[in-house]
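Participant: Chains as they are written, first to last, in the working numbering: chain A, 1 to 275; chain B, 1 to 283; chain C, 1 to 813.
Just to be clear, a hint being listed does not mean it is correct.
To be verified - Listed below are the simulated SDA-like cross-link pairs for lysine to any residue, each with C-alpha atoms no more than 25 Å apart in a straight line:
# : chain 1 : residue 1 : chain 2 : residue 2
1 : C       : K736      : A       : M38
2 : C       : K284      : C       : T796
3 : C       : K720      : A       : D63
4 : C       : K185      : A       : D62
5 : C       : K723      : A       : Y217
6 : A       : K36       : C       : P777
7 : A       : K213      : B       : A219
8 : A       : K213      : B       : P8
Claimed, not checked - Derived contacts from chain A toward chain B, CB cut-off under 8 Å, selection only:
#  : residue
9  : F57
10 : E91
11 : T101
12 : F130
13 : Q162
14 : N231
15 : G246
16 : F254
Note that these hints are calculated values from the structure, not bench results. Ideal Cβ placement from N, Cα and C applies to all residues, glycine included.
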Amino acid sequence: MPEAVGFFTDSSVCIGCKACEVACKEWNQLPGDAPKFMDSYDNTGSLNDQNWRHVQFIERMDDAPVQTGNGHAWLMLSDVCKHCKHASCMEVCPTGAIVRTEFDTVFIQQDVCNGCRYCISACPFGVIGFSAQTGTVHKCTFCYDRLQNGMTPACAQACPTQSIQFGPLAEMQKRADARLAALHDQGYSQAQLYGRDDAIYGGLNAFFLLMDKPETYGLPNQQNAVLPRRNNKSGYFGMVATALLGAVAAVVAFRDRRMNELGRGNNGAAARRNP
Amino acid sequence: MAEHFVRPPEWTWYILAYFFFAGLTGGMYAIGAMLRLWGRPGDEAVARTAFLWAFPILVVCPILLTIDLGRPLRFFHMLVATTPGQGGLIFHYWSPMSAGSWALLVYGIFAFVSFLEAAGGRPGGSRLVTTIGGLLGLFVASYTGVLLSVSNQPLWSDTWTLGGLFLASGLSGAAALLAAVARKDAAGAETEARLRVADGYFALIELIWILLLFATLAAAGTLSVALRAPWIVLWLVVVIGLIPPLAALGGRERARRSAALAAVLVLVGVLALRAVIIFSAQG
Amino acid sequence: MTNHWRDIKNADLILINGANPAEAHPVGFQWFVRAKLDPTRGPGKGGGAKIVHVDPRFTRTSALADTYLRIRTGTDVAYFGGLINYVLQNNLHHAEYVQHYTNASWLVKDGYGFKDGLFSGYDAAKRTYSTATWGYDADAQGIAKRDMALQNPRSVFQLMKAHYARYTSEMVSSITGIPKDEFLKVAALVGEMGKPDKVMTIVYAVGLTHHTTGVQLIRSGALLQLLLGNMGRPGGGMNAERGHANIQGNTDHAISWEILPGYIAIPAPGEKSLADYVKEKAPKKSDPNSWNYLGTNYKKFMVSLLKAWYGDAATKDNEFAFDYIPKPGGNSSWISFYDDALRGKMDGIILNGMTATSIGPDSTQVLQALAKLKWLVVMDPLPTTSSEFWHAPGMNAADVKTEVFMMPATHWIEKDGSFTNSGRWAQWKDQVIPPQGGARHDHWILADLFNRVKALYQKEGGKFPDPIMHLTMSYKDPLKPELDEIAQEINGRDLTTGKRLATFAALKDDGTTTAGDWIYTGSYPESGNLMKRRDGVQDPKKNDPTGLGFYPNWAWSWPVNRRVLYNRASADLDGNPWDPERAGIRWNGQRWVGDVPDYPPTMNPKDPKAWLPFIMTGEGTGRLFSNTPLDGPFPEHYEPVESPVDNPLHPQNSTNPAAFLYDQAAGRPNRFGTVADYPYIGTTYRLTEHEHYVTQHVEHLVQLQPEAFVEIPDGLAAEKGIKNGDMVRVSSKRGKVEARAMVTKRLGPLDVAGKRVWQIGIPIHWGFVGISAEMHPDKSQHWLANVLTPFVGDATARTPEFKAFLVNLERMG
Ligand SMILES: Nc1nc2c(c(=O)[nH]1)N[C@H]1C(S)=C(S)[C@@H](COP(=O)(O)OP(=O)(O)OC[C@H]3O[C@@H](n4cnc5c(=O)[nH]c(N)nc54)[C@H](O)[C@@H]3O)O[C@H]1N2
Ligand SMILES: Nc1nc2c(c(=O)[nH]1)N[C@H]1C(S)=C(S)[C@@H](COP(=O)(O)OP(=O)(O)OC[C@H]3O[C@@H](n4cnc5c(=O)[nH]c(N)nc54)[C@H](O)[C@@H]3O)O[C@H]1N2
Ligand code: SF4
Ligand code: SF4
Ligand code: SF4
Ligand code: SF4
Ligand code: SF4
Ligand SMILES: [Mo]
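Model the full structure from these sequences, guided by the hints.
Facilitator: Following this line, the structure appears as structure tokens:
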């Protein structure tokens, strides 16, 4: 069993060049969506079946003639499947198409998926997309094929600034801690790691250094990072409760009056005497 | 405050239709079973009608489900493990879709048996089959709600009430439909009255669930998702659908003369309820 | 670059002016990030290098910068001027360096002066300067007087101090729009870089060159670096981020008209003999201790070039065929072709890998020029706005008589050969895919063309056939030369032994050596093609002994694999590095060690006869005062030809008096607008997602930036009721662009000369050819950014003013 791999995506040194997006499309032969102008530097829009990396651009500066950049005035983040330890997508998938690989990554088997799209409703990060062409769903494979051949994932390979760092998960976490400490020393108290520890879905194999609250980047905060199965028990409780109430209602409505007039009723007997 | 960043699964008309029919078939069978188990001899005729209806309605369900799949020919992947190197059957009790697929299959068998019995005109029928079938019917009518809740979609996952809600409305819809058809044969005429009483209770339960739904959504801060325009209109339709049965409960006899209309209103309500929940969360 | 990409990681302070490396050089930008993340770098106690990005727009580079300063486009001479003044006024310059490594101590001849924005020797009628008075107070041999105390009022140092005294922080602020206090904060950081143990790099690109003051903008930075003693040092230098993957190689091999390969000058009319030529063009020694290496060897380089080109036909008797070299009378720079064509003086043009129409400036006028040609050849793998120019917007195809030939050439991924990067590293590359379709290599097309022309001369003779008839084509197949053969030819040989040379030091002026480009001699010696070397990060300990990122056995850099130019200046007079941590070269008692020394390897620096540090100049030092630019020995701020304000320094001479106004010179009607009609400043630039115009053919990149847009400051958009995504019209006196508005706070207002001005950003990448154009046939009619830009050139380089011009802005109904 090879050791667990990870992505440390450091938004503080991302230059929004989108090399990761293109490298991913090239390697994975994704045609991409039809070109569409979206009023900003981001014309990719979101992660989906065609976009497995998506670079977000969030402008936060005022228009003063002097600015401090340092990755916090114009936020850029290369978003990707988080390869969650506790993966919502994997949890709901009825076919077992979504599996955890020997590299501890989350992978969708294209030959098993039947396109029910339940995983899409479950992924809290809106990562997975459905492809009409294949009739199945797609997302970042963590370059499973490249990992199997000892290669670095295409996006990390292409990233010029080491905003996307790839390696053994443990080492990535060490680097992230060091980088965070440095940023805090420089006074960027709002800098934070997302998914580095197990607070978010038991830990993310693709985790991030953010320069602001997770919500700013469209990432659920700890309180909202919850698994679908949380609603199983209560949901089925609702089912049983209603079933019982319904049964009582039925008994009340259908019960054989004559039998009652004779005293203690026995529906069973009533039914038996009416073959 | 629940904040969601998920994308919609784009479950639309097929799923809506499926949820609708799943509610009806399950409700039908369950009511049929309860009539048979706890009702009068005279009710048996209507019970049989219920079984005669439950199965055909059921049949459309897997069809709808299958054509909604991106890869319809792989519908069996829901039941058989096709991951290379694995094999055998696949059952993930924690995934309502997995559980539901099995429930639908097994329920289908029972519904079919009861259908044959009823069609064969043999009075009565195996109580065991009826009982188990009835329980499965309740599950099939209800699990679709649980399935929605077990996700991370806004609205759906912000409440745990959908399982109960769908069951209540399924029962109510089934009762109304049955009541309407029961009138046709003289034998049923007298069962019909009590069916409508039952429907009244079901509607009452449904109403309670709706209030609970709103309460849970309010707590999660996503009530607006459900109530925003244009969806509010559908909620009105839902409420209108509740009126006839509740009125019947209040013993308003006038309702009797317009049983057919009542049934339509109720059924439209059942449909609207599922529609508003499925669509408002995804749009 | 005086230094190289990887060397940027050695800097403590990085000034970025007129460049947007994160977008235009994303891969190179990693070295900026490395410096930033290296705790041992930086001002004061370190903690990481500081990046100061000065740009009209807050860009993806600014996003990582420690300080971003919004500047009015075209005013960096004032910004650098202010820094220079701050350094001089506060004595923050590197005293020993300035005294011995620059020409600060040289005395300037009487007659030189500067008044009201004009230097001495100006001819208003011709709009040119006579540089006669821009020289030294020298004896008959040209040896100049010096005042080592730098006190003499005629010393370069004192003249410079006086010249720059006007650039007070208030003046800088009112010219550039940078708030005074913020400017002073940056000045304090910069001032610290004069300390020997600190080093600063300046990085620039076409944000400085694309101005009518382009040359002086760049010189300003160089002057600052000389004052701070940062020239020749690892982590220092004046670093141009070059353009296309091999534009550096292009320049080295004389793509521009006024030079021959290796930057030796093209002969001028009147230079009748080699002797005349060398006398005119070679730098002259102005100090006894100046080696004047270039001047001394000028003839050797020229003769070796002639021998490479004309072989046996180049003999002592015919001055090695010196007369075969054309001696252009006029100017043949980029805009000049089109000017000539407009004046009907041009029959045809071969466009080899460039898109004239899109490049501009003033595309409408360029299109008219193309329409006046008899023929146009486009050698390109893909259709361009030039190969399709007759159906350009506003063109009536019927009126276009020009015959257009499209020659499908191979793209560089379809051939091997070398790329020379901005850091002068010549790196051999392999062919990625075989030529597609019927595409032919450029050098094969040209060889074939040459062969046919030669055949015609053979048949029909002609005025002066010799240069054609005698040109050597000594390749295995003269119609299909291999790039490897050409690389060997460029390296050059010793004709007596037939062996390839290892260094240009071996070149001779007696016709016994050849060199196709002397600065590349040594790239392909007998030991093989050094450009193929790849001893890199696979073993940093072994391959980068100094740890400074020289990687001496990775590829090959000119000259003679030297990684930092002028590196003698990285050590003090005794040969000890200014900063032992970051030593370029050091004298170990016997020889110079470290980088390949820019100095005789065994010359003892303590020897009184030791050469001065800058061996390539006549002075032997860096030049704070120079007579090579045609618009002044010191840089001076002039307003762009189209500017919303008068020059606060000298309103009477507001714009560059020597800028070349093509239309005026040719007697064509004026095409410049005024602030009354065009109140806003327009500036054009690149985006990461596209490579000029060619990537309009690349689906994935079109997806990333699908449609033409202009960036509009939030405040101005509010005034005009423009919302993000609206269609807007940006027009200049010359034409209009209609595109989507991208409303942003990354651009904003500037307060200059007591006036509030707005700048509008216009990416250059769209036109009427390519995928987006096909998707939007109507819209794309008005997507050529260059219909807006002015047809005017810098005084010296004739570079167009792509970066500053006046426009109006309207919201489209
Ligand atoms: N992605 C991409 N990369 C490229 C290219 C490409 O087309 N696309 N082209 C290549 C080529 S050929 C070249 S020449 C280089 C050019 O590389 P750059 O010069 O970096 O590219 P530009 O975007 O033209 O201009 C750089 C910056 O100068 C700023 N600027 C404009 N005027 C001024 C001024 O007066 N002062 C200051 N301080 N800043 C100013 C602009 O706002 C812009 O942000 O890029 C090369 N790399
Ligand atoms: N307004 C404004 N105008 C500008 C600029 C600006 O900043 N603002 N920048 C200017 C600058 S710095 C530059 S460099 C120019 C860039 O202008 P261009 O150089 O014209 O731009 P490219 O699109 O790079 O064009 C290169 C062409 O070469 C072709 N090509 C690629 N490889 C080969 C090959 O091996 N052989 C041949 N024959 N062709 C090949 C490509 O297909 C493409 O058509 O634009 C200039 N114009
Ligand atoms: S991010 Fe979404 S798709 Fe990726 S593993 Fe987690 S839940 Fe699954
Ligand atoms: S769409 Fe495919 S991967 Fe997603 S849940 Fe359904 S079967 Fe599993
Ligand atoms: S790991 Fe591979 S698949 Fe995933 S985003 Fe990167 S390149 Fe794409
Ligand atoms: S490649 Fe790296 S720097 Fe470029 S956008 Fe992606 S993450 Fe950011
Ligand atoms: S496009 Fe090519 S030249 Fe430009 S940065 Fe990327 S790798 Fe370097
Ligand atoms: Mo360029």
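Participant: Are the hints correct? Go through all of them and say.
Facilitator: Comparing the hints with the structure gives:
no. : hint            : verdict
1   : K736/C / M38/A  : holds, 23 Å
2   : K284/C / T796/C : holds, 21 Å
3   : K720/C / D63/A  : holds, 17 Å
4   : K185/C / D62/A  : holds, 20 Å
5   : K723/C / Y217/A : holds, 24 Å
6   : K36/A / P777/C  : holds, 15 Å
7   : K213/A / A219/B : holds, 23 Å
8   : K213/A / P8/B   : holds, 24 Å
9   : F57             : violated, 17 Å
10  : E91             : holds, 7 Å
11  : T101            : violated, 12 Å
12  : F130            : holds, 6 Å
13  : Q162            : violated, 26 Å
14  : N231            : holds, 4 Å
15  : G246            : holds, 5 Å
16  : F254            : holds, 4 Å
In summary, the structure is inconsistent with hints 9, 11, 13 from the numbered list given earlier, while agreeing with the others.
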